[in-house]
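For the record, the sequence lines run as chains A and B. In this text, residue positions in the first sequence follow our numbering: the first is 1, and each later residue adds one. In this text, residue positions in the second sequence follow our numbering: the first is 1001, and each later residue adds one.
Be a bit skeptical, because a hint or two may be false.
Part of the chain B face toward chain A, derived, beta carbon under 7 Å [stated by the list, open to error]: (1) A1125; (2) Q1128; (3) R1136; (4) L1290; (5) P1293; (6) E1296; (7) T1303.
Calculated directly from the structure, the hints in this document are not laboratory data. Where a beta carbon is used, it is the ideal one built from N, C-alpha and C, also for glycine.
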Amino acid sequence: MSTVVLLTLTGLGLAALYFLIASGLSLVFGLAGVLNFAHGLFLSVGAYATWWSAPHVGLPLAVVFGIVAAAATGALVELVLIRPLYARHTEQVLVTVGLSLAGVALLQSVWGADARVFPRPQWASHVTGILGATVPDDRFLLIGAAVLVLGGLLAFLRWTRYGLIIRAGVENRAMVRALGIDVRNAFTLVFAIGGALAGLAGILGGMYFTSVSPGQGGSLLIFAFIVVVIGGLGSINGSAIAAVGVGLLQQFVNYYGAAGAGDVSVVVLLAVVLLLRPAGIAGKAVAA
Amino acid sequence: MKRFVPLALLLLAAVLPWSTLSLPGLFEGPLNSPGTLQLLAVCLVFGALALGYDLLFGRAGLLSFGHALYIAAGAYGVDILVSHYAWSLWSATLVTVLAAAALAGLLGSVALRTSGIAFSMVTLAFAQVGYILVNRDPGGLTGGEEGLPMRTGSLPDALVGVTNTVNLYWLALAVLVVVVLVVHAVDRAPLGRTLIGLRDDERRIAVVGLSPYRVKLVAFVLAGALAALGGVVYALVVGGASPHVASSDFTLALIVMAVLGGAGTRWGALAGGLLYAYLDQRLARLGGQLPGPLSEPLFILGTLFILAVYFVPGGLAGLRTRWEPLQRAVRRREPINSTP
């Protein structure tokens, strides 16, 4: 029983990370039609900004700084790189591919390829006993952060004017433009939100893995991609459900199966979902 | 005349190992030194890999993010059969390429049920499984993160040893020629026209009564087999297989090559592959002497790639078509200027 509780909470912690990355990806994809390969870079930017500033300003401020830095990177990438390639989706994707290669190399040239010890709050290393299981507190940190973000994001999308534009834009971009609304500002905003979410995921990931390295974003990104496809492109709720499914499956199979079997089972899940529902759990039509 | 340019280049490439010419800025030793030949052989392999990938990306418009899986299948397949089971190189190659084609058929039949970005992500996910497997070292077969050096015992003597680098070079050239012939044959065949039709508008192909799914699957399997063949030669040239060939970065590099050179054109991806591989290797060697981020080859290549996407949309192959109107414009203006 205690193993199951621990695995569940660890799986949910991982799901929280996946959700934070996938929600940003999914929003950007849904609205702008851009599969953002540089999302992993935003993750690393957030993590490194926090790691770098923590000794100077203390951890809480450093976390804020990391999120702001990642959000700014996202907005900047949209303004400088994505916007000039208006309506040329393949080129937009290619630019983010180039950016992910160059950006990670840039981080590597500044801070080296080796992993760095990531700062974390004192209490995150403590453990709590639940139903006989000793659970490290960082799991609760991850899950709590993801639940807060999910609630905040849904509230933002439902009740604010920009949220309305973004939701409508994901649904039918041409219609929103035809109504005379400038979706370009919404694009920048969505990239900034995506960057902030990725930055937060990078920071939490750093605390969870207790280290940060330039390539870390990339490996998490692939599971986030899987979550996005399973959940249905553009759907926040779908991403949340898929993230929980993927995180739990991965943890349980990794524990009870052979080494690495959890990662493989996630891809099998992806294949099965696609065979049954090519558009994902919450998707309506396959986006071209 | 134009038709003979590729033949002349091929002839030049074939006789190149007999030249003792030194090109100080470009290569470290004379052309026939083992170091230079190996560098050139790697370039040729990448040219072949990029052109094979362009069958999917440039011709059929299938943006696969998991092509590295089939290259890795080729590299690891032949390496495992030769190093662990002491198979002869030729039977190992044959079995590996056929197995990789079967793998491409199996995975492609699932991945091709989706289209667009979802297809890219699914291929990426499949390839990631390969990367994870290779890193986990199942049964001690792949050597994990260390990679698997090729055991030379059961290789033909002609391919072993530094003095025989020239044979590896010729082998790489031969495989490149095979890939060129296959891809260009597909271009000329009805299949090629169907693929381009698919890329431009899938419904059109469905309307004339062809199954887009089946055509795409054929292209996917063919590209998988070519990738495995390239992987086999890659493992021979660099002396083994390492997890890097299975990583998503490897696929991304192929995309960069195809786009740099001009995706979907006759020679573009090939030229892009040669150039990318050359820059990658040379920059890595110059790395220590360059300051800051310039010491990272990927930083330079990534930046170059972004600039190319903006300013040279057709890649290297597009340069010529952009150059010609310019030239014509200049030529036309000259007589007007010279008349008083």
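Results of checking the hints against the structure:
1. A1125: Where the cut-off is 7 Å and the nearest Cβ of chain A is about 5 Å from B:A1125, the hint holds.
2. Q1128: holds, 5 Å
3. R1136: holds, 4 Å
4. L1290: B:L1290 check fails; min Cβ-Cβ to chain A is 10 Å, beyond 7 Å.
5. P1293: holds, 4 Å
6. E1296: Holds - the Cβ of B:E1296 comes within 7 Å of chain A, reaching about 4 Å at its closest.
7. T1303: holds, 5 Å
Checked against the numbered hints listed earlier, the structure breaks hint 4 alone; every other hint is satisfied.
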